Amino acid sequence: LLIAGGVFALSEGIFSIFTGVDLNFLIFFTLFLAFLDKLLVNGAVFESITRLAMPEYRRKILRHEAGHFLAAYLLGCPVEGCVLSSWAALSDSRFGGRRTTVSAGTSFFDPSLSDEMNGRKPLTRSS
23 LLIAGGVFAL
33 SEGIFSIFTG
43 VDLNFLIFFT
53 LFLAFLDKLL
63 VNGAVFESIT
73 RLAMPEYRRK
83 ILRHEAGHFL
93 AAYLLGCPVE
103 GCVLSSWAAL
113 SDSRFGGRRT
123 TVSAGTSFFD
133 PSLSDEMNGR
143 KPLTRSS
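If you're matching positions, the sequence shown starts at 23 in the working numbering and goes up one per residue.
Since the hints were derived computationally from the structure, they do not count as laboratory data.
Below are the DSS-like pairs computed for lysine-lysine, each with C-alpha atoms no more than 30 Å apart in a straight line:
| hint | residue 1 | residue 2 |
| --- | --- | --- |
| 1 | Lys143 | Lys82 |
| 2 | Lys60 | Lys82 |
| 3 | Lys60 | Lys143 |
Computed from a predicted model, the values in this text were never measured in an experiment.
Could you build all of it, start to finish, from the sequences and the hints given here?
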């Protein structure tokens, strides 16, 4: 991801030199687009670009969430569902839809535990 950021910054610099567009404008415009992405769709556009640029990222997320799912199952937590992308989390009401910042994760069937895990209620030891 760091390398991709460096390559993108270099490409912005080259674009600025060849087109005459101010580099500061390009940088602030890029930051503005990233802010809008995070604000409106919880970073789903950036995640989609990352998945296209780095196919191994998808496998990494899959293994990570499979670990959560397995740990929950082995601990006896009732698992309700699992999402593997920001787009899926935005459209799934179990993960709070657009109200939360969930980009991938495992949802628990226990409503109280699920609310605590998703940040809607404070996490307690009795859960």
